[in-house]
Amino acid sequence: MALIETHIYSEVLAMDMTVNVILPQEKQPYMGNKKMKVLWLLHGGSGDESAWLRMSNIERYAIEYGIAVIIPGVLNSCFTDMEHGENFFTYMTDELPSIVRQLFPILSSKRGDHYISGFSNGGYGCLRLGLARPDLYAAIGAFSAGDKADVPFVNDGSKKAKGRIEVFGDGDIKNTDHDLKYLATQAINTGQVLPEIYHACGSLDPWLDLNEIIRDFFTGLDNTYDYSYHLAEGYGHTWDFWDMEIIRFLKSLHLKQDNTSYIGL
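Going left to right, the sequence shown walks through residues -18 to 246 as our numbering numbers them.
Simulated from the structure, these hints should not be mistaken for laboratory data.
Backbone N, C-alpha and C define an ideal beta-carbon position, used for all residues, glycine too.
Hints are supplied without guarantee of correctness; some may be wrong.
Computed cross-link-like contacts, BS3-like style, restricted to lysine-lysine with a CA-CA straight-line distance of at most 27 Å [stated by the list, open to error]:
1. K155 to K143
2. K162 to K143
3. K155 to K141
Pairwise CB distance ranges (calculated) [to be verified]:
4. T166 to E193: 14 to 22 Å
5. D151 to G217: 45 to 53 Å
6. G215 to G144: 25 to 33 Å
7. K155 to P187: 29 to 37 Å
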């Protein structure tokens, strides 16, 4: 297996960025026209591009399921184009995929071979990216993922309030591109092929209520998104839960041991 720490310059962000890449050599014959499927893996609000590598067994899972893993860092942007900051949504959906394909031509460029997942802020992020750009990902795996549009905002001068204003501004974000339910509805209305969604939360998670709002919304759509929800009894907002759920998500993708996709098929 190859673990590659990649340092790139982003024109969109006008700064250097770090992206970790896992390439499971052991089960991938690097020959012919075979291309590797890709999991985009997003960190939480207090983490960075090293969190999954340090706190989970994602390297082992990448080998077991024969899938490349791209782990970007996006600071505290919530994976969106910030109101008072940089355009991290544009970076994640337009610039970074192009850079990754250029640097790692072994990776498939087909939508059906790309999946996105994350926890907490990254859970919101993977839904934010996947619902706004359903043309990029075949499936979404969101863990401990609430909608920022459902979080009450009080401008009390706290550090948390200042961070919220930096990312989303100080106004109501319902029915905007920061609102997951709005994005999901917009994607349906455009008639695009929609990603499958696997959503999970622990029963002891302090933000379980936010996850249940998302659950109720998607289950009310008559399974338009091929949506499934898993409530993990006895688990909280913790790495033992997220490490367990990334396996469940990978299993839901029905990946084969020799997980490659041929050009033109």
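Verification of the supplied hints:
1. With a C-alpha separation of about 19 Å, the suggested pair K155 and K143 falls inside the 27 Å cut-off, and the hint holds.
2. At most 27 Å may separate the alpha-carbon atoms for a hinted pair to count; K162 and K143 meet this at roughly 24 Å.
3. For a cut-off of 27 Å, the pair hint linking K155 to K141 stands: about 19 Å separates their Cα positions.
4. A hinted range of 14 to 22 Å holds for the C-beta pair T166 and E193, which are about 19 Å apart.
5. Between D151 and G217 the CB atoms are about 31 Å apart, so this pair departs from the stated range of 45 to 53 Å.
6. The supplied range of 25 to 33 Å is met by G215 and G144, whose beta-carbon atoms lie about 31 Å from each other.
7. Taken as a hint, the range 29 to 37 Å is violated for the pair K155 and P187, whose Cβ atoms sit roughly 22 Å apart.
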